Amino acid sequence: MKTMTAVEAKNSFGRFLEAAHREPVAVTKNNREIAAMFSMEDIQALADVMLADPLKADVQAGRLNVIEAVMAQVSLNKRLEASRAAIAEGRGVVADDTYFERLRDRAMSRLS
356 MKTMTAVEAK NSFGRFLEAA HREPVAVTKN NREIAAMFSM EDIQALADVM
406 LADPLKADVQ AGRLNVIEAV MAQVSLNKRL EASRAAIAEG RGVVADDTYF
456 ERLRDRAMSR LS
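The sequence shown begins at 356 in the numbering used here and counts up one residue at a time.
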């Protein structure tokens with residue numbers, strides 16, 4: 356992956372865009388990677404592999420652009436990992452028959 360400093364990217368933005376069109380470019384500031392620039396082809400390829408089918412459908416229907424969909428998928432993945440960690444630590448909820456009965460009873464009490 357090519358690397359440019361933030362100052363180089365700012366001062367030579369056209370060159371920065373051209374480089375990103377060919378390959379991903381990492382942007383550094385104070386010797387730390389702080390951002391990256393990818394071509395839309397690279398983003399689309401990532402989305403094709405990463406997105407769940409409902410998000411792919413949202414992109415195809417025009418409800419989300421590909422970057423919004425990728426960010427939504429990242430957020431969903433983080434929530435899923437947090438849920439898995441909670442279950443592993445014994446903090447999960449078991450959705451057995453009694454769970455659904457209690458849920459139905461709570462819903463009915465709110466309706467009356």
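Each hint should be verified, as a subset may be incorrect.
Mimicking DSSO-like on lysine-lysine, the simulated pairs with C-alpha atoms at most 27 angstroms apart in a straight line are [said to hold, decoys possible]: (1) Lys-411 with Lys-384; (2) Lys-357 with Lys-384; (3) Lys-411 with Lys-433.
Please keep in mind that the hints were generated in silico from the structure rather than gathered at the bench. Bear in mind the structure is a predicted one, so any value in this text is a computation, not a measurement.
Results for each hint:
Using a Cα cut-off of 27 angstroms, the hinted pair Lys-411 and Lys-384 is violated, with the two alpha carbons roughly 34 angstroms apart. As the CA atoms of Lys-357 and Lys-384 are separated by approximately 14 angstroms, the hinted pair is consistent with the 27 angstroms bound. Distance check on the hinted pair: Lys-411 and Lys-433 sit about 18 angstroms apart at the alpha-carbon level, within 27 angstroms; holds.
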